[in-house]
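Engineer: Going line by line, the protein sequences match chains A and B.
Residue numbering for the first sequence follows this note's numbering, starting at 1 and increasing by one per position.
Residue numbering for the second sequence follows this note's numbering, starting at 1 and increasing by one per position.
Read the hints as simulated data drawn from the structure, not as lab findings.
Among the hints, a few may not be true.
For chains that are exact copies, the list does not tell them apart, and a pair is met inside one copy or across any two.
Below 20 Å or equal to it, Euclidean Cα-Cα: the simulated SDA-like pairs (lysine to any residue) are [unchecked claim]:
{"no.": "1", "residue 1": "Lys7", "residue 2": "Glu55"}
{"no.": "2", "residue 1": "Lys54", "residue 2": "Gly261"}
{"no.": "3", "residue 1": "Lys51", "residue 2": "Ala325"}
{"no.": "4", "residue 1": "Lys51", "residue 2": "Asn316"}
{"no.": "5", "residue 1": "Lys54", "residue 2": "Glu195"}
{"no.": "6", "residue 1": "Lys22", "residue 2": "Glu192"}
{"no.": "7", "residue 1": "Lys51", "residue 2": "Val342"}
{"no.": "8", "residue 1": "Lys7", "residue 2": "Pro157"}
2 protein chains.
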Amino acid sequence: MSVTAAKGFVASGVHCGIRREKPDLAVIRSLPRATGTAMFTVNRMQAAPVKVSKEHLDVAEPQAVVVNSGIANAATGSRGERDARTTACGAAGLLMLHPTEVLVLSTGVIGQPLPLDRVLTGLASGVRALSAEGGVDAAEAILTTDTCTKLAAANGPGFAVGGMAKGSGMIHPNLATMLAVLTTDYPLASGEAIEFLRPAVDASFNSISIDGECSTNDAVVLLANGASNVERTPASDEAFALALRRVCADLSEQIVADGEGATVMAEIVVQGAATEPEAKAIARRIATSSLVKTALFGHDANWGRVLAAAGSAPFNGGYAQLDPARLTLRYGGITVLSGGEVIAVEPEVSGPSCTIELDLGLGDGRASYLTSDLSYDYVRINADYRT
Amino acid sequence: MSVTAAKGFVASGVHCGIRREKPDLAVIRSLPRATGTAMFTVNRMQAAPVKVSKEHLDVAEPQAVVVNSGIANAATGSRGERDARTTACGAAGLLMLHPTEVLVLSTGVIGQPLPLDRVLTGLASGVRALSAEGGVDAAEAILTTDTCTKLAAANGPGFAVGGMAKGSGMIHPNLATMLAVLTTDYPLASGEAIEFLRPAVDASFNSISIDGECSTNDAVVLLANGASNVERTPASDEAFALALRRVCADLSEQIVADGEGATVMAEIVVQGAATEPEAKAIARRIATSSLVKTALFGHDANWGRVLAAAGSAPFNGGYAQLDPARLTLRYGGITVLSGGEVIAVEPEVSGPSCTIELDLGLGDGRASYLTSDLSYDYVRINADYRT
């Protein structure tokens, strides 16, 4: 499991002193030369480490990743960028890499500067501690108030894909940062990683929602070092794509299940939309609706809220197409609406999971989204972080 | 106050039996011939009464408005449309108007049919009860779980503008419906009402948020009957526009203050945006962020959340422009960020209101938004409606 599931990767997680007692610094490194890529938050308030990592990816293949938790190094101005660069330089020196071969990621409080001395001292311990068994330690060091580590791995014929993630669980920090680091010993040529990563992320990390918030630090990294020495064929490429999707989906589900205050997990399935982007817009709008999410918490199939959300899904400056007379809605497996006419008013909803299926009857667009409920605990966690 | 503040309007609020004991049917009528207009929800799941009222406005000047609470007549298919038309016909018969001169509005549970017999019987009582003192009764009959009536009036030289509204407060119904009916004895020619109503609504009802939800039934109606007999001049037009804006702003503030579970009211002011639509997109994103709203509830100036929300404001299929290095943020009057650099980390926030001012330093775009906090009570109200 985790980032050391695939051959040729070492990792560690240590305590450097940003957080009081918990491990707060992870290092992941590929031993053979790797190729890699990353996808970052689209938030315009990108944190300093996101900006610096993007610059590094533009000029070099990533060989190592450094992640700190506790402080996001976001909204930290010019000092924040210097600190992120210095962190990459420090790691590069210890790992005998070029600074641009190191990606830096941060998660935690916004608006506070990194304690750079502690980070640099911690990096020395972190690099010393690197081992092929260090994946779990690394996964622990990137958590904030997640209640458990998020690890996954999948095997293909002769190769492996591993990964770790942290989700939207934070009390002290200001933001729900989603971070994931994925590693594989499958051989990829330079520039290929993004072709595999993008569809896997779209179907997983980009299809979940805890509270509709988009962080300044979200990042997903993929490193591929070819240490499996498998022969590539179209079939093996397909097996790799599948394994990568499975690891991403597995980590995504763990993130939603550990969402702040979550008691119910719901899968929103939208089909029959005019286009696929519209299906996604509608699924996302339902998955992020406060009214839908509080109803899930109350185990109350307020399906009118689903329709109201579907009818107001922002799309291309307007709203996604929807014809009330063509809608079919199944809530928890019960058909409540068919061809726009009411079939059943109050389906039973209970248990820790629920499926909401909306067919728009317009075309072939299809998308699904995982979401959690909006509970008292979500409010408590996010309102009372000082107590 | 209310819809009978202006000359020549009568109104009533009666109990017709949709709801158990509370008044649930309001009638508003202009005695002199009126001109008028309405603005409706942009939700694609428009309720039957919205569809029917739009058709009526296309062919006739509205003379009367019928509003029922308790059932939204939304997602009710072909029967819902028939019921809305029959309601308008019934009122028209009693009021000696053409059916297309009657607007019908509904608020309440989605997916249930109107009890048409009760509505038609209630209309007879409602029309008998019409009086120039009936404005408050009408305002009571349109409430769902609002905790108080929302009334406003403003006088110009020789004329008056009055209004009533209901806000986003509902336990039993499935949706937060915002309804407002505005009346004036200022003389307007046919087709003019919308020119005055649109800017007033944009600056008020379209600039508030309780939970970012957009209902299937939202509507704002304006009737103008000229009963004041004032002489129109450019100056009187300006006075009328101002009075209308004041009534809309007053009702909007009452809606936010009575928002579900609201304990804090916050004004979000965005300036220096590249364009005004972008300022509005950013203000709206901040005002609807669950993280910003839970922080308000906790009296916790988590200003990083404001920046993260601002950086992810959807605009034209992408995100509104923002340059982190040019931001200035004042939270509760304290400058926390200037030119992208941190000035103060933890401003004090207390009391029932708060101002959040973000200057983007890019252009002249300016917008403001009123919002409330996200509290335990919001979750309780929306999760536990059956208890």
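Engineer: For every hint, state whether the structure bears it out.
Structural biologist: Here is how each hint holds up against the structure:
Neither within a single protomer nor between protomers do Lys7 and Glu55 lie at most 20 Å apart by alpha-carbon distance, with minima of 28 Å and 68 Å respectively. Within a single copy, Lys54 and Gly261 get their C-alpha atoms no closer than 33 Å, and across copies no closer than 42 Å, so neither meets the 20 Å cut-off. In this assembly of identical chains, the alpha carbons of Lys51 and Ala325 lie at most 20 Å apart only when taken from different copies (13 Å versus 47 Å within one copy). Proximity of Lys51 and Asn316 under a CA criterion of 20 Å is satisfied in neither setting, with 27 Å inside one chain copy and 24 Å between copies.
When the C-alpha separation of Lys54 and Glu195 is checked against a cutoff of 20 Å, the pair qualifies only within one copy, where the shortest distance is 17 Å, while the shortest distance between copies is 49 Å. Taking CA atoms no more than 20 Å apart as the test, Lys22 paired with Glu192 passes in neither setting, with 36 Å inside one copy and 66 Å between copies. When the C-alpha separation of Lys51 and Val342 is checked against a cutoff of 20 Å, the pair qualifies only between copies, where the shortest distance is 18 Å, while the shortest distance within a copy is 51 Å. In this assembly of identical chains, Lys7 and Pro157 lie within 20 Å of each other by CA distance solely inside one copy; the values are 14 Å within and 83 Å between copies.
The earlier numbered hints that this structure contradicts are 1, 2, 4 and 6.
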